[in-house]
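There are 4 protein chains.
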Amino acid sequence: MALTGVTRLGYVHAKVTDMADAKQHYCENLGLLPTTEEDGKLYLKGWDEWDHHSVLLEEGGVGVTKIGFKVNKVEDLDTIEKKAQAYGDVPTERMSAGENAEVSDGLRFRFGGHTIELYHDMTEVGVEVGVINPDSFPQEIKGIGAPILDHALLALDDVDGIERFFMEVLDFYPSERMVADHSEGAPVIATWLSAGNKTHDIAFLKGPDAKLHHFSFYLKDWGAVTAAADLLVHRDVPLDLVPTRHGITRGETTYFFDPSGNRNETFSGAYVMYPDRPCVTWTMDQLGKGLDYYRREVTDTFLTVFS
Amino acid sequence: MALTGVTRLGYVHAKVTDMADAKQHYCENLGLLPTTEEDGKLYLKGWDEWDHHSVLLEEGGVGVTKIGFKVNKVEDLDTIEKKAQAYGDVPTERMSAGENAEVSDGLRFRFGGHTIELYHDMTEVGVEVGVINPDSFPQEIKGIGAPILDHALLALDDVDGIERFFMEVLDFYPSERMVADHSEGAPVIATWLSAGNKTHDIAFLKGPDAKLHHFSFYLKDWGAVTAAADLLVHRDVPLDLVPTRHGITRGETTYFFDPSGNRNETFSGAYVMYPDRPCVTWTMDQLGKGLDYYRREVTDTFLTVFS
Amino acid sequence: MALTGVTRLGYVHAKVTDMADAKQHYCENLGLLPTTEEDGKLYLKGWDEWDHHSVLLEEGGVGVTKIGFKVNKVEDLDTIEKKAQAYGDVPTERMSAGENAEVSDGLRFRFGGHTIELYHDMTEVGVEVGVINPDSFPQEIKGIGAPILDHALLALDDVDGIERFFMEVLDFYPSERMVADHSEGAPVIATWLSAGNKTHDIAFLKGPDAKLHHFSFYLKDWGAVTAAADLLVHRDVPLDLVPTRHGITRGETTYFFDPSGNRNETFSGAYVMYPDRPCVTWTMDQLGKGLDYYRREVTDTFLTVFS
Amino acid sequence: MALTGVTRLGYVHAKVTDMADAKQHYCENLGLLPTTEEDGKLYLKGWDEWDHHSVLLEEGGVGVTKIGFKVNKVEDLDTIEKKAQAYGDVPTERMSAGENAEVSDGLRFRFGGHTIELYHDMTEVGVEVGVINPDSFPQEIKGIGAPILDHALLALDDVDGIERFFMEVLDFYPSERMVADHSEGAPVIATWLSAGNKTHDIAFLKGPDAKLHHFSFYLKDWGAVTAAADLLVHRDVPLDLVPTRHGITRGETTYFFDPSGNRNETFSGAYVMYPDRPCVTWTMDQLGKGLDYYRREVTDTFLTVFS
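Note that the protein sequences, when read in sequence, are chains U, G, D and P.
For what it's worth, full-length UniProt numbering labels the leading residue of the first sequence as 1, then goes sequentially.
For what it's worth, full-length UniProt numbering labels the leading residue of the second sequence as 1, then goes sequentially.
For what it's worth, full-length UniProt numbering labels the leading residue of the third sequence as 1, then goes sequentially.
For what it's worth, full-length UniProt numbering labels the leading residue of the fourth sequence as 1, then goes sequentially.
Treat the hints with care, as some may be off.
[What the hints assert, rightly or not] Cross-link-like lysine-lysine pairs, in silico, DSBU-like; alpha carbons within 35 Å at most:
1. G/Lys142 to D/Lys142
2. P/Lys73 to D/Lys206
3. G/Lys23 to G/Lys142
4. U/Lys142 to P/Lys15
5. G/Lys142 to D/Lys41
6. P/Lys66 to D/Lys73
7. P/Lys83 to D/Lys83
8. U/Lys82 to G/Lys82
9. G/Lys15 to U/Lys73
10. G/Lys23 to D/Lys23
11. U/Lys66 to G/Lys73
12. D/Lys66 to D/Lys142
13. P/Lys142 to U/Lys142
14. G/Lys73 to U/Lys83
15. D/Lys66 to P/Lys73
16. G/Lys15 to U/Lys82
17. D/Lys73 to P/Lys73
18. G/Lys15 to G/Lys66
19. U/Lys73 to G/Lys66
20. G/Lys142 to D/Lys83
21. U/Lys206 to G/Lys206
22. D/Lys82 to P/Lys15
Hints are computed from structural coordinates only; laboratory data are not their basis.
Model the full assembly from the supplied sequences, consistent with the hints where possible.
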């Protein structure tokens, strides 16, 4: 595909109620590496990430204050800005270099209470295994050793609207969608949107505006997901969805909560998505199968607990 | 990324010495599904593919006669044609609908003895699990049950040249490259090129022009790769590289030969690639580690056996 | 250990409400092989079993009518009979060859409504892979392809009593035990008893006399257990405990029901048990962790649904 | 089975050329825990072992000076001593408590240059996860985190003889045997002997007397075996047999060398053995398949490198 536009979810700024607890969780359980800690902000990256941070923690409650997508080239910002202006409706503003430490200038949208930034550059600090005849993983890994941020699921009321915006302005496309029922034009309950070959780089679920459902880290396979769950329960981290397969995307998953109540996910599997692959449709009566392929029941929390 | 240009490797036309043997191998061992058999051609698809075929077999020796990449939109053909003309050097021609059964019109390049086609459409026959509240896999799977074609590795003399062509005209980018040594400007021995988020949709290796190294099917994980190898050796299919991890791409792999001597691969793992992820460089003295992360030796056949 | 006495759980005679449905389940889902079907009885074996049958199905409701343990040598029957007589209390009788088709003479006990037989020989039909330079698995496997019966869990009121009988007369020893609480002499709720190096060849749970909790088939690993669950839910077999790790024995497990309501298990993992390994104790307040290491909750059915 | 006689391989006394290197390997790579270090001897145990040590290292070359099997009861020593005397030929002596630190009195045999001890007790130090409502694994694991010693393979000339001795005096039985060819009475090349339900607690291979082939640690599954190999190659530990499946026992395996040249194995899988399971026979022409199910070739070192 053309190497322009959004390439990936680059960062999540998460609020936490207690920084010491949060640091312990993200560094010791998830195994993220702190790159900077200043002004009450903790910057973290996975061992297989090259940019300065993918998770930024700050005290002040729960939820995400914003997420950032990295675009491939500086020129992409202009292109997207023009498309956004033509699209109308969605407030767009320029963001300056330095508004986010280590991050270039960019664009900022607000939709459904969410702040979404685009940027073209971040200080590069390198993957832990290097790039010359590298090993496949680093010698030292803490806890789960999450390699890399993968995607987020955000809640808002206007799922239809944000899906259209992401498709028309940001060139995402849906791999799977959940609709209310089989009727023509049934409301969209959730959408999983890809910017490339992943089943989703971002997903949206009908729910309260401005709320986070979860953000997710990619593990290499089911064995890694279950080993991660073994470790999490051993450390009394509350699991929200025990290791299972999602029917949606076929991905393997565990949901759990950070000490502040933000939901994290470890995720693997899922098929390779291509733009011409037929989009999958789920109906709400099959949400149980879609969420938890084995149990085929919706957890009490899936549609109700956000942060 | 912008949803234009090449989305994936769509088909491989392979020559085989005996169709009955080949059909038995691709259908019973790999588990591909025959969609059409006519005029001495057998069209095959994986259970998780939606287009009419990804592998076409025809008697007449060994090797591939051509490969095809699917582009996202019909307009992409014009864009690419113009870029190719501007690039020069590489003979380009228009291809008509029907030159390949079930395939739309397109473009055709020749480089290093290889014929490379681009097309924007193929008759859609659907994935075996359907697209409404689907199960994660079909009830009936034969042999390995390879879901989908993933990539190919082709040999040619001018690796530098074809890499540049794929980057400049087709918008691919390299995830990993092997060079002769650590010196500045050392010759490129091999390159793994991505059109999206996979570590490679195509790779090229310095070797005899017009030759195939292997084509590859994506399996879900290491367990599937080893189970596939269990089945293959049980059926006396000659393995060329027993199940191992590639240092290159970190992918998990088995190489084996079809009855005609074309090398197949089953492949899983590999990290998620992004355009801004730093490209990995391998030096030839570490080819053993790159090919076979455990054994750290190059097989006798890797650099010498093509079809 | 001395090669005398009970070597393994050899057979389970299960009642089913409808033979056609049961046959479909045990042959197509579990992948057991029918060896004989006569007089309304269906005899089944796993592909990795050598004796004529390990499961016998008969119409007439649900539950097990009896289970049989194979002893190593014919002389063991005398030894055990004498120990049983010395032990007293437990009615013991001789069983003639032919009372069970294909099964030698033996002994029969009744305890807590359960009929337990011992035998020293059964017609041998051979493992499917043979014994000369064998492959690791057969070419043709249906459904899950359960290789071999592993253990059963039976309910009865007098768990203390049957545990003592199995230990003193049959030379079993406990690997893990669940007691009501941490108090000295707290009642035993359940016991997992080994006749060798498995964590359990039989287990008993406090509950209604004469009832079956489940019988279990050994799969090779966690990947096989989850693949089995994938297949079962795909075929709408009701799961009772979705794939998880037991804290008890560390085994990986799925519980599901046959069409008559008998609970089956597919099981893997668990540590290697030795007679000198310290016995593990669980208290009832930790049953959730013991049953489902991830969820740490007891299912509604675990202590209440028997057949 | 009757809870008398040999229950397991309890210890291996290995010679090493450099204690510091050896300690680094066994503690940091294999993850064994040092329990005592005195008089130039390092005592080690796995996290899932309860006795004081399973591996004892001492400087002075390579190989094993002796191995010890634990019997279930002190009386077993008398029984075995009498059987050994009746058997004749094999020199037997009583061993006093304290000849081996932390180990009870016992018996000692010598056969084919090997010293084999039996003991009924060792100081118990407990498994790392405890025995009351335990977790499935400890929080802190180093390197591979090998839980427990599993078996050893020793070389000697008189394989027939030692097999007969282990069967008749020690109540072992063979799960698999390798013979020279298909002829009646073909010489035994190797034998895998079980004392319970494992495919082997000890194995013997025709070769130079008094030599070690390998000793082995049990891992939970194939994923753990490959993860261990990932770690070993990352740390430049020389692999002798890269991760593969043995045809023999179906076990999953990696062979590697400690810094002194003693071969270690990490091992998983293998079927559950029972005394009445038919013994498997391999012929030497199929050793490749037996050793390395995928490659079907014998490594240069398998029959030639001992320590």
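Cross-check of the supplied hints:
1. G/Lys142 to D/Lys142: The hint holds at about 11 Å.
2. P/Lys73 to D/Lys206: Holds, at roughly 31 Å.
3. G/Lys23 to G/Lys142: 13 Å, holds
4. U/Lys142 to P/Lys15: Roughly 33 Å between the alpha carbons, so the hint for U/Lys142 and P/Lys15 holds.
5. G/Lys142 to D/Lys41: 32 Å, holds
6. P/Lys66 to D/Lys73: 33 Å, holds
7. P/Lys83 to D/Lys83: The hint holds at about 24 Å.
8. U/Lys82 to G/Lys82: Holds. U/Lys82 to G/Lys82 sits at ~25 Å (cutoff 35 Å).
9. G/Lys15 to U/Lys73: This hinted pair is violated, its Cα atoms lying about 42 Å apart.
10. G/Lys23 to D/Lys23: This hinted pair holds, its Cα atoms lying about 34 Å apart.
11. U/Lys66 to G/Lys73: 33 Å, holds
12. D/Lys66 to D/Lys142: 27 Å, holds
13. P/Lys142 to U/Lys142: Judged against 35 Å, a Cα distance of about 11 Å means the pair holds.
14. G/Lys73 to U/Lys83: Holds: G/Lys73 and U/Lys83 sit about 19 Å apart, inside 35 Å.
15. D/Lys66 to P/Lys73: 33 Å, holds
16. G/Lys15 to U/Lys82: 49 Å, violated
17. D/Lys73 to P/Lys73: 22 Å, holds
18. G/Lys15 to G/Lys66: OK: G/Lys15 and G/Lys66 at ~10 Å, within 35 Å.
19. U/Lys73 to G/Lys66: 33 Å, holds
20. G/Lys142 to D/Lys83: 53 Å, violated
21. U/Lys206 to G/Lys206: The hint is violated at about 52 Å.
22. D/Lys82 to P/Lys15: 49 Å, violated
Comparing the model with each earlier hint shows violations of hints 9, 16, 20, 21 and 22; every other hint is respected.
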